[in-house]
Structures are given as structure tokens and as C-alpha cells.
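J.: Line by line, the protein sequences are chains A and B.
For the first sequence, position 69 (counting from the first letter as 1) is numbered 75 according to this note's numbering, and the numbering increases by one without interruption.
For the second sequence, position 17 (counting from the first letter as 1) is numbered 23 according to this note's numbering, and the numbering increases by one without interruption.
Simulated from the structure, these hints should not be mistaken for laboratory data.
Incorrect hints may have been included.
The list treats identical chains as interchangeable, and a pair is accepted whether it falls inside one copy or across any two copies.
[Unchecked claim] Calculated cross-link-like contacts (lysine-lysine; reagent style DSS-like; alpha-carbon spacing at most 30 Å): (1) K164 to K65; (2) K204 to K65; (3) K135 to K164; (4) K164 to K121; (5) K164 to K71; (6) K160 to K65; (7) K71 to K204; (8) K204 to K164.
There are 2 protein chains.
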Amino acid sequence: MGTAVDFYFDFSSPYSYFASTRIESLAKELGREVNWHPILLGPMFKLMGSAPLMQVPLKGAYAEKDFARTAQLFNIPFELPKPFPIASVAAARASLYLLQHRPDTARLLIHRLFKAYYVDGLDISQQDKVLAVAADIGLDGNQLAAVLADDQLKAALKDAVAAALARGVFGAPFIIIDDEPFWGFDRFEHIRMWAALK
Amino acid sequence: MGTAVDFYFDFSSPYSYFASTRIESLAKELGREVNWHPILLGPMFKLMGSAPLMQVPLKGAYAEKDFARTAQLFNIPFELPKPFPIASVAAARASLYLLQHRPDTARLLIHRLFKAYYVDGLDISQQDKVLAVAADIGLDGNQLAAVLADDQLKAALKDAVAAALARGVFGAPFIIIDDEPFWGFDRFEHIRMWAALK
Chain A
7 MGTAVDFYFD
17 FSSPYSYFAS
27 TRIESLAKEL
37 GREVNWHPIL
47 LGPMFKLMGS
57 APLMQVPLKG
67 AYAEKDFART
77 AQLFNIPFEL
87 PKPFPIASVA
97 AARASLYLLQ
107 HRPDTARLLI
117 HRLFKAYYVD
127 GLDISQQDKV
137 LAVAADIGLD
147 GNQLAAVLAD
157 DQLKAALKDA
167 VAAALARGVF
177 GAPFIIIDDE
187 PFWGFDRFEH
197 IRMWAALK
Chain B
7 MGTAVDFYFD
17 FSSPYSYFAS
27 TRIESLAKEL
37 GREVNWHPIL
47 LGPMFKLMGS
57 APLMQVPLKG
67 AYAEKDFART
77 AQLFNIPFEL
87 PKPFPIASVA
97 AARASLYLLQ
107 HRPDTARLLI
117 HRLFKAYYVD
127 GLDISQQDKV
137 LAVAADIGLD
147 GNQLAAVLAD
157 DQLKAALKDA
167 VAAALARGVF
177 GAPFIIIDDE
187 PFWGFDRFEH
197 IRMWAALK
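Please model the complete structure; the sequences and the hints are all you need to start from.
T.: Structural data, given as C-alpha cells:
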């Protein structure tokens, strides 16, 4: 088995959601595990001087169409949530904490958070919504609420974003395999072609 | 046979070049013709407040890697030219003129200009290089030089860019089929899937 596939995602990115539904089967095809990396696009866009996608003239309208069409073409349940985009920091922190302490539960939480936002329309920018999703899979809401307020966890997410940037990650979803970088759900087929050439 | 596929491209865009090598076979699969539309990304980026790709931190370096890898994965001859990117206005004007007057020759010229830049490393931002490529396929260089200086042709290209923007075209390559917009060489597979659903 090769090294794990590094999968960087932001809960506020529909293409990250689409990718999250397929990354495990893709990694399995390649005989690899998945390392999940919650990140925040906000600080990255700031560094790059980029505007958030939906605010770019023409591109925003196209993106909205492309989200829906991509979901349809790949049979992924999806409805563009309101509000969109959102600050995904609470969801990212909760995921990071669990990845550090209970990796198997973390994967389940990540899938449930994506579903909560893109299928059930739950505004997961609200911490109480994140806690409700966590409670649904048997996690202790009170304990997680305390964890989310912890400065060490806040710093850990900042460090994770900085570490991602240092590896050249500037968007989401972003996949790195054996140091080879791939940006976007639309690179999944390229990953397969690239792996076949190796 | 359905309506033609509208194919918008900028000679300065490697993904436009990649797409130009496959758009005719894709259209044929769909039982359609191709309408070629040379455009200029410069005025579009200005309107959208976007920086040119290669100037965006991290994204520029990734793009350079992705150009080379995409070319390799799809078996397309390619070497990132120097200088890159370039002002592609002379090439775009020559293509537009021929599309208006000799469409079959125009297609050949477009393919040759892409090849001149991305395979042979010819700097087609220089008008004399564009004329040399045109002469290679039997066009009259002196006549074309006169045409390229014509205010009517300059205005026609500006109008073409404005018309593209009015249809929501904000990047290249950009494909519109039956009013359905697709942005990027990486949407070719989506086009096939979308057409299969219709």
C-alpha cells in the first residue's frame, strides 16, 4: 500500500463536498488510505488576493450552475444552501479535534457535516448546529462545546492552514499524492490517469 | 444534427490549446459542428477584477505543473512557451478575419497558430510571426498585414469579446451548447455526460 492520499477540504466549498463523497473510493482504487485535512479557504484567498468565488462577476453565476449540474451528473444529493458561502470554522475545528483524538468518528462526522449543509440545508456556520450533528452520532455535545472554545484547538487549525499553504495548497478540494498536487473535484479522473502512468 | 457548439478560446491559454485539439472530435461525437470564437481574456479579467493566472501566488506555480501534466495525460504535444502569457490580439484578429471570409482556412490557421506557440515556441504575440504562420498555409502575408491594421477588424474583435461577455463567457476555453455553458478543458467529460442525459 502506498502513502496516504492527503485530502484538503473546506466545508464551505461544494466541490469539496462532492469530492468528499468519492475520495475514499478513489483512494481504495489506488490502494491507499485517506488523510483528511479540514482547512479554511478564507485566509488562503486573503493571501492570494482572490475574491470569494460567488462574488466574482459572471464566474459566480456560472459556478452556481456548475454546482447543480456536477451534482446531477455524478448523482450526488445536493441543494445550494442558504446562507452560502459560510464561515466553516466551527465545523473545521470540530473535525480537526476528532481527527486528532478519534479518527474513525472524525470521518463519520465530516460526512455528516457535509450532508447537513448540502443536503439538509442546516447552517453549520452556527456552532450549535455542529454540536447537534455531533450529538446525532453519539458524541458528547457539552464536552465538544468546551473543546471548540479551547485556544489550543484554535491554534491547531491555524497551524493546519499554514502547513497546507506551505505545501502549495491554495484551494479546495486539494489532493496531494506522493507530493503530486491536484486541485479540484474535476481532477479525480486526472488522478486515475496519472496513477496508471506511474 | 443539433445546433453548433460555440467554442471560445484565447491563444494565450494553454487549456484553450488543449481543448482546440479535441473540440472537433467532441462535437462530432455529439453530431454537431464547431463555431470557433477567438476572444481576449485580458478585457474579461479586467471586468472581473481577476489577476492573470500566472501572477496569483501558489496558483501560478500549480498551473504550470498542471499544464504539463494535462498535456502528458492526454498525449498532447506541449512545451510552456517563453514568453508566457502573451498578448494574443494579432493572432485573434487574423483568426477572426478568416472566420468571416474563409472559414475552412480559418480552422487550419487556428490549429497552426496554437501549434506554433505551444509546440514550436514561436512568439505569436509578434504580428510578423502570425503572418509567417499564415504564409505557411498559403495565405498572402501582405494582404493579411493590411487587414490586421484595419479599424473595422479591430472593432469586430472588440465586439466579439463584448458579445461573449454578454453570453456569460468569462474565461477560456468556454463552450456553449444549446445555451448550456461549460468552462474549461476539464469540462469535456461533463459535456459528454450532460449530452447523454438529454
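J.: State for each hint whether it applies.
T.: Right, here's what the structure says about each hint:
1. Both within a single protomer and between protomers do K164 and K65 lie at most 30 Å apart by alpha-carbon distance, with minima of 29 Å and 20 Å respectively.
2. For a Cα distance limit of 30 Å, the shortest separation of K204 from K65 across copies, 25 Å, qualifies, whereas the shortest one inside one copy, 35 Å, does not.
3. When the C-alpha separation of K135 and K164 is checked against a cutoff of 30 Å, the pair qualifies only within one copy, where the shortest distance is 22 Å, while the shortest distance between copies is 50 Å.
4. For a Cα distance limit of 30 Å, the shortest separation of K164 from K121 inside one copy, 25 Å, qualifies, whereas the shortest one across copies, 45 Å, does not.
5. With identical chains, the CA atoms of K164 and K71 are at most 30 Å apart between copies only, with a shortest distance of 27 Å across copies and 32 Å within one.
6. When the C-alpha separation of K160 and K65 is checked against a cutoff of 30 Å, the pair qualifies only between copies, where the shortest distance is 26 Å, while the shortest distance within a copy is 32 Å.
7. Proximity of K71 to K204 under the C-alpha cut-off of 30 Å is restricted to the inter-copy arrangement: shortest distance 16 Å between copies versus 35 Å within a copy.
8. In this assembly of identical chains, the alpha carbons of K204 and K164 never lie at most 30 Å apart, being 34 Å within a copy and 45 Å across copies at closest.
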